[in-house]
Amino acid sequence: MVEDRPQLKKGLVLPGGGARAAYQVGVLRAISEMIPPGSCNPFPIISGTSAGAINSAVLASNADNYRLAVAQMARVWRNFRAHHVYRTDAWTMLRTSLHWLLTMISGGALLKNPDCLLDSSPLRALLARDVDFEKIATAIEHGSLEALAITASGYGSAKSICFYQAGPGHRPWHRIRREGRAGKIGLDHLMASAAMPVIFSPVRIGGEYFGDGAMRQATPLSAAIHLGADRLLAISVRDETGESPRDREWDVSPSLGQIAGYMLDTLFMDGLYADLERITRINNLLEHLPEQSAVSGGRLLRRIDCLVMVPSEDIREIALKHAHELPRSVRMLLRGMGAMNRGGRQLISYLLFEGGFTRDLIRLGYRDGKTQEESLRAFLNDEPMRSLTAPRTMRADLSGEEKSAEAEE
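In this note's numbering, the protein residues as written are 1346 to 1754.
Don't take every hint at face value.
What the hints assert, rightly or not - Derived BS3-like pairs: lysine-lysine, alpha-carbon spacing no greater than 27 Å straight-line:
| hint | residue 1 | residue 2 |
| --- | --- | --- |
| 1 | Lys1666 | Lys1529 |
| 2 | Lys1480 | Lys1529 |
| 3 | Lys1529 | Lys1504 |
| 4 | Lys1480 | Lys1354 |
| 5 | Lys1715 | Lys1666 |
| 6 | Lys1354 | Lys1666 |
Keep in mind that the hints were calculated from the coordinates and are not lab data.
Turn these sequences into a full structure, and let the hints guide you.
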């Protein structure tokens, strides 16, 4: 039994996942019903990457009223259309395709080399309208928020950079290939963090171009821990149901679209599970060490409790049901990549910013949040909880135990 530790500092970690991030909104909505109306944000430290960075910024800018923040977020996600995120008109899609074709044929002699497949200027306009960045500083000043962290990847430095805005007492950090930089979070930070490689353009911040924060983010939980969190809620957007059944598609050479989906899946997901594995090992070690021995690199190690929420259904299958909602021009582009079929459902799930799909994910996240209400309440109320609360298969993988050993649950 773990001793009750009052006033644990809670952190919220929202990884990336393109359109899949609508699932996070559903979980956050379920949490909003577990706290009194009008309450401020229950997560002093919020850390986000890619689409999760956008959700994080909305929460932070409305930290004085958590329910209002979630309602605003849900309103946007429920009514999403692909053209709110990237340009989908036929002329733009044709021009982009011709640009890539002529560049490849001419070896870059006729036109400037393209840096993206899709034009994300509509997303920039949407965020500029809906996120009040000035309110982040106000929330920190009033105590409803301690820190907001947004991670992006530097193409020049090859580093994972955590841009954070926080109250006094937080210092920048430097590690191998990653660092934390203090400053005011703005629109460019969100656009950079959400700039999926090849799909969206890199964004210049200072003297460097940045792309999707998931690319070099080997430790997605570390920013919240650096900023002082003792207890983390991570809302992943990948179902974790154990081994996938063998599929006939395994024996077929993958299409470009299937490979692209696999790359994005690896980009967004693998870092979280590797980080959880490290934290699990450290927590297990701390249980067997005297407190004065729990030091690494001159820093005192501390136990970090983690609650991980993952979808209870396969989001790829949900995406496949809604693929027809994509604009015709986007469907043609994906069909040319061999992605408008079952093999391409992974890629589709990241690009499907359409209301039918996002509403289904919000409902799924809400149901999962209500199902895990006991664990979420324990987390929010600083009640005793296991060091890792996660799906059974994930706990077994992270602990190195056989899945059957978890049968007591």
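Exercise for the section: Against the structure, test the hints numbered earlier, and report the numbers of the ones violated in rising order. Expected result: 1, 6
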